[in-house]
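Visitor: Sequence:
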Amino acid sequence: MKRVQLYTDGAARGNPGEAGIGILLYDENGATIDHYCEYIGTATNNVAEYRALVAGLRLAQKHQPCCVQVFMDSELLVKQMNGEYRVKNETLAEYFKTAKAMIPAFKEICFAHIPREKNSAADRLANKAIDEKIIL
1353 MKRVQLYTDG AARGNPGEAG IGILLYDENG ATIDHYCEYI GTATNNVAEY RALVAGLRLA
1413 QKHQPCCVQV FMDSELLVKQ MNGEYRVKNE TLAEYFKTAK AMIPAFKEIC FAHIPREKNS
1473 AADRLANKAI DEKIIL
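Take any residue in the sequence shown, count from 1 to its spot, add 1352: that is its number in the working numbering.
Derived by calculation from the structure, the hints in this document are not laboratory data. Each residue gets a CB set at the ideal place from its N, CA and C atoms; glycine is no exception. One should not assume that every hint holds.
Said to hold, decoys possible - Across the chosen pairs, the derived CB separations fall in these ranges:
hint, residue 1, residue 2, range
1, E1380, T1443, 33 to 41 Å
2, T1394, E1460, 29 to 37 Å
3, E1436, P1467, 25 to 33 Å
4, N1381, N1441, 33 to 41 Å
I would like the entire structure built from these sequences, with the hints used as guidance.
Guide: Dropping the structure here:
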């Protein structure tokens, strides 16, 4: 049974402003399996967070884990993904639907909110993507 931890972050300089996403995937022992970052142009912070989540779930799927723990510093996204908050914004609703449609690929998945300081590695990748205009 392969378990992974997925850390995602979206950064926007301005709201909206230049934005990037950062993703880190760890195995159950804390070793880095994969990472990803991308400049996504102009976006709001919430769009950047959702784009990071969707890209992170895609990255996780490539490694075929059965169980995924997703860690994000966006309380809004975590509560929306856990069904505690409704998604009212139309743009976010599309990303939400995309993310929800990816969930059946995993036997188990959970979404947890973490403080920003616990997500600093993904944040660094998101900001690196903005600084270096990394487009993949």
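Visitor: Against each hint, give a clear statement of whether it holds in the structure.
Guide: Results of checking the hints against the structure:
{"no.": "1", "hint": "E1380 / T1443: 33 to 41 Å", "in the structure": "35 Å, holds"}
{"no.": "2", "hint": "T1394 / E1460: 29 to 37 Å", "in the structure": "36 Å, holds"}
{"no.": "3", "hint": "E1436 / P1467: 25 to 33 Å", "in the structure": "18 Å, violated"}
{"no.": "4", "hint": "N1381 / N1441: 33 to 41 Å", "in the structure": "38 Å, holds"}
Hint 3 from the earlier list is the only one contradicted by this structure; the remaining hints agree with it.
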